[in-house]
Amino acid sequence: MSDKDHLTLNIDGQKITAKRGQTLMQACDAAGVYIPRLCDSEGLEPQGSCRVCSVKLNGRVVAACTQPVVANAHIESETEEINRYRKDLVSMLFHEGNHLCPICEASGRCELQAMAYRLGISQAAPHPYLEPVRPVDASHPDIALDNNRCILCGRCIRASRDVDGKHVFEYIGRGIHKRIGVNADCLAETDASIDDHAMSLEVCPVGCIIRKREGFFAPVGERLYDTEVIGRDIETQQPHHHSLHKIEVKQIDPADFPPFNKDDNGDTV
Amino acid sequence: MEHQKVIQQICADLGNDPKRMMDILWTVQDRLGCIAPASMGLIADLTHTQRVVVEGVVSFYAFFHQEVQGQNVIYLCEDIIDQHAGFNALKETVESCLGIQPGQMTKDGLFSFYLAPSIGMCDQAPAALINQTPVTKLTPTLLKRIINNLRKGKPVAATIPKLGDGNNSHPLIQSMVQNNVRKQGEVLLSGHQNDEGLSKALSLSPAEVIDYVLKADLKGRGGAGYRSAEKWKIAADTPAKSRFLICNADEGEPGTFKDRLLLTERAHQLIEGMTIAAYAIEATQGILYLRAEYRYLQPYLESVLSERRQKALLGENISDTDFDFDIRIQLGAGAYICGEESALISSCEGKRGEPTTKPPFPAVYGYLGLPTIVNNVETFCNLPPILAKGSDWFRSIGTEKSKGTKLLSVCGDCDRPGIYELPMGIKLSEVLSSCGALNTEAVQVGGASGVLIGRSDFDRQLCFEDLPTAGAIMIFNSQRNILKIVNYFMHFFIEESCGYCTPCRVGNVFLKERLDKIMNGLGEPADLEYLRNLSATVRETSRCGLGHTSPNPILSSMENFPLVYAALLKEHPSGEQAGFNIQKALDESRIIAKRRSLIYDPDFSSGEGRGNQE
Amino acid sequence: MSKRKVRIATTSLAGCFGCHMSLLDIDERIVDLMAIAEFDRSPLNDKKTFTRRCDIGLVEGGCCNEDNVHVLKEFRKNCDVLVAVGQCAIMGGLPVMRNAIMHSEDPLRECLDEAYTTSKVLNPSKQIPNDPALPLILDKVYTCAQVVKIDYQIPGCPPSGDTLWAALTALIKNEEPTLDYALIKFD
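Chains as they are written, first to last, in the numbering used here: chain P, 1 to 269; chain G, 1 to 614; chain L, 1 to 187.
Calculated from the structure, these hints are not laboratory results. Every residue, glycine too, gets a C-beta built ideally from N, C-alpha and C. Just so you know, not all the hints are guaranteed correct.
Here are a few chain G residues that face chain L, going by a calculated C-beta distance under 8 Å [to be verified]:
| hint | residue |
| --- | --- |
| 1 | 147 |
| 2 | 586 |
| 3 | 590 |
Distance windows between CB atoms, simulated [said to hold, decoys possible]:
| hint | chain 1 | residue 1 | chain 2 | residue 2 | range |
| --- | --- | --- | --- | --- | --- |
| 4 | G | 525 | P | 236 | 42 to 50 Å |
| 5 | G | 67 | L | 131 | 31 to 39 Å |
| 6 | P | 195 | G | 307 | 54 to 62 Å |
| 7 | G | 67 | P | 221 | 47 to 55 Å |
| 8 | P | 229 | G | 284 | 52 to 60 Å |
| 9 | P | 139 | G | 67 | 19 to 27 Å |
| 10 | G | 38 | P | 195 | 54 to 62 Å |
When you get a sec, could you build the whole thing from the sequences and use the hints?
And the structure:
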């Protein structure tokens with residue numbers, strides 16, 4: 001369907017209809033095609049900084065969250081090349097900060113972690129760990145900030161500025177030293193409140209913004225991404241269901257096993 | 001209290017306008033020595049913004065400081081050309097004379113010392129900015145003398161040997177910088193500055209001027225090669241209550257200094273060009289965005305603007321027409337990324353100099369939301385001769401797809417570094433022979449973001465269809481270490497990445513880390529594959545030109561100098577990581593435990609070694 | 001030519017033995033495993049040295065001290081395929097937290113002081129343990145891959161019995177231990 005208000009997009013061979021003025025991401029979301037993303041979050045102005053939503057639009061790599069739909073769009077998303085970039089970007093974020101999943105309260109509902117799961121990152125990325133030493137701000141009575149886990153998505157900045165009308169956060173510094181600053185010497189001296197949208201669980205995708213006294217509210221197995229793939233809500237157009245359901249594990253019958261193919265001297269048979 | 005009044009006055013003078021944040025911050029720092037957290041809070045209140053927003057701006061730019069600086073501030077240029085010309089000796093001189101490292105201030109508060117990535121003096125390296133005055137062809141002796149005289153309260157100007165040629169000796173410039181013009185071509189450097197081009201333009205309609213320049217086929221001199229007048233047409237066709245024009249004089253690419261010459265010797269031609277372009281797109285206001293490293297030119301440029309206002313060549317009713325156009329100078333504050341047009345616009349708006357999301361492009365939605373044209377200094381300087389001498393004349397110079405001449409900033413290992421104005425399409429080998437480059441091993445064409453090419457490519461042509469360049473030609477002879485050059489460029493990109501997007505912020509750090517590993521003799525063949533793959537991610541997924549081009553030095557050197565890499569790589573069949581050093585890892589522990597290793601100190605562990613206790 | 005069983009060695013470096021415990025969570029499948037595999041050096045059978053070259057080495061934990069490094073290098077030397085098992089081996093795990101809390105010029109001393117002298121943790125003697133038999137602690141925690149080449153990793157804290165089973169059976173079949181979505185966990 002192409003008319004004054006609508007366009008047809010081709011994404012990985014699938015034809016979807018988009019409204020003019022939408023971004024690629026909005027059009028795909030509405031059609032139930034999920035494009036991985038971290039810095040983009042529903043209700044916040046897209047900024048295209050994490051680059052995880054990179055897709056190829058007519059041969060050129062663009063960020064789906066900020067790219068407006070265009071006529072005759074041929075979009076490649078779930079290709080080997082694009083997924084290689086996405087894995088690389090997600091791995092970069094893991095190696096840039098200190099992401100110690102076993103001790104992190106957000107583990108299990110963390111979007112960075114869930115994205116790694118979705119992209120099938122089970123083997124090591126050959127990047128170094130930067131092991132930054134960034135300050136932890138626990139000054140606020142209800143909120144703590146562990147910047148070591150921050151991935152600079154800026155969702156808290158936009159939520160505080162555009163939804164709460166407060167501007168508690170802003171980017172400071174540049175390059176690899178860029179980080180999120182607060183609008184005072186510490187968070188306790190700002191007008192941040194635990195009731196701010198910026199402090200809600202859906203805004204910080206990782207475990208940087210910590211709501212004090214609420215930690216580990218869901219047991220392992222019942223956390224958001226324990227059983228659900230990130231993005232499934234968009235793919236099925238159904239909200240996430242937090243229900244506990246056991247992971248099906250393929251059992252292997254030893255009878256199916258080929259004999260080990262080395263002889264007693266270690267030579268391959 | 002005193003400080004408070006000073007800041008209130010400064011903000012009031014600039015209308016308490018957050019869009020003038022750059023000027024507010026410069027003035028506060030000039031007056032108070034730094035922009036302290038308390039000052040940021042006050043500035044935020046006065047300009048109705050937030051402290052963290054002001055902090056975001058202050059912390060973005062290299063020349064803004066939150067901690068008190070010394071009365072005298074030394075910025076030593078650390079780019080690769082300066083390193084080859086004696087930077088290390090100068091750094092040691094400062095460190096031994098003052099007893100401080102880069103980033104520090106002397107205890108007596110007399111001196112602060114910093115490194116600057118590239119200050120646009122590569123043709124007269126090594127160079128420094130001392131109290132914002134450029135000092136070139138610097139020797140340890142001269143540097144010591146300057147430091148000693150500063151201690152006695154004598155300004156830098158009193159110590160420099162002699163003033164430079166041309167306008168460098170102008171009372172408002174008074175600098176020792178040399179123009180080093182080696183070749184004057186027929187378009188930019190030989191013409192007279194007589195405003196003939198502007199008169200011609202004003203005799204045409206704005207649309208006719210655009211057609212005229214379109215016909216000349218002038219392409220932007222910033223390197224991207226977009227046809228200037230096409231961009232103008234987009235802005236002119238965008239309905240708006242007014243339009244805006246910006247001149248990008250933020251040449252931050254290491255190895256380029258051509259804008260320095262044009263700003264010094266062709267300021268009238270530049271402003272004339274801006275005025276012609278403003279007329280074409282019907283803009284009434286413009287900005288000349290001057291890089292902070294060229295702040296020493298600001299008073300002179302201001303005088304050129306007022307002179308032109310007096311002659312009715314700028315301001316209201318230019319040349320008795322109803323065309324109004326005026327220009328203000330916006331000083332940058334040390335950020336290479338502001339050479340990117342949308343980042344430059346952000347900076348002009350008083351924000352962090354980060355590129356904006358495109359589309360919309362600046363020609364449609366730019367400065368303060370107005371359709372905005374950003375062109376390079378050299379591009380604007382081309383306009384007066386084009387208008388005066390005609391499109392056909394301009395098209396007769398250059399190649400099929402690259403018309404006119406190009407200003408080349410030539411530096412490095414050659415006898416005659418400086419500015420060469422040569423027709424587009426000139427072979428690199430001709431440039432090398434005219435500048436007296438002997439025994440050339442490699443040439444970096446286009447600055448840090450360009451490519452490093454070897455002898456087999458010296459016959460290539462400098463033009464948009466072959467080797468496009470914003471004009472930087474850095475020459476390296478066979479004595480130079482190729483990997484050290486590449487490593488410097490990666491260091492530069494890490495310093496200058498704005499950090500907005502993941503691949504550029506993080507990827508460049510990882511690229512340099514792997515290069516360091518190779519340079520330390522710890523590289524393995526697999527590291528080349530790593531560099532290639534990571535470069536692809538950075539190049540393809542970065543948000544702006546910085547990340548699109550930052551892997552270029554690595555990729556082009558790997559392609560053109562494969563043996564340099566191969567010589568350093570070896571397999572480690574033991575399966576142990578070459579980068580891990582157990583002795584280093586134990587050093588501190590030995591000291592704390594006051595004993596040696598049972599396993600790794602050889603005289604302790606004969607044979608099996610284990611359990612062999614004292 | 002007679003077929004032989006695949007030889008597996010395991011060790012726990014700076015880990016908590018949780019990954020080894022998790023290996024026992026393969027439950028009755030261990031009977032199937034023992035039909036095709038045998039353990040050489042491993043705490044599971046208390047063999048403290050390699051008796052012969054092994055096909056697969058499973059390493060739990062990262063490197064905190066010189067002994068960890070020594071053992072890891074032994075494993076690299078004696079195993080065809082070396083696998084980092086669990087988050088400590090992969091990225092340092094809990095022990096690696098000390099890399100991020102050491103800010104001073106003398107980070108190791110700061111770390112030891114924090115642990116034994118200045119902290120509120122009960123240590124009446126305020127002594128930093130320094131028996132000559134104790135291996136020297138490293139300046140920071142290293143992941144296994146920072147010390148030797150690691151061929152594969154099995155993520156998790158610990159990896160579940162099912163994850164270990166899936167990875168191990170793939171390795172025994174000489175396949176890459178790629179894991180299904182449900183088996184990739186970093187905690």
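Right, here's what the structure says about each hint:
Among the interface hints, the one on residue 147 (chain G) is violated; its C-beta lies about 29 Å from the nearest C-beta in chain L, farther than the 8 Å criterion. At a threshold of 8 Å, the smallest CB-CB gap from residue 586 (chain G) to chain L is about 5 Å, leaving the interface hint in force. For residue 590 (chain G), the interface hint holds, the least distance from its beta-carbon to any beta-carbon of chain L being 7 Å, beneath 8 Å. Roughly 46 Å separates the CB atoms of residue 525 (chain G) and residue 236 (chain P), a value that falls within the hinted 42 to 50 Å.
Checked against the hint of 31 to 39 Å, the pair residue 67 (chain G) and residue 131 (chain L) fails, with Cβ atoms roughly 46 Å apart. Separated by about 60 Å at the C-beta atoms, residue 195 (chain P) and residue 307 (chain G) satisfy the suggested range of 54 to 62 Å. At roughly 50 Å, the beta-carbon separation of residue 67 (chain G) and residue 221 (chain P) lies within the given 47 to 55 Å, and the hint holds. The supplied range of 52 to 60 Å is met by residue 229 (chain P) and residue 284 (chain G), whose beta-carbon atoms lie about 55 Å from each other.
Hint check: residue 139 (chain P) to residue 67 (chain G), Cβ distance near 23 Å, so the stated range 19 to 27 Å holds. Taken as a hint, the range 54 to 62 Å is violated for the pair residue 38 (chain G) and residue 195 (chain P), whose Cβ atoms sit roughly 30 Å apart.
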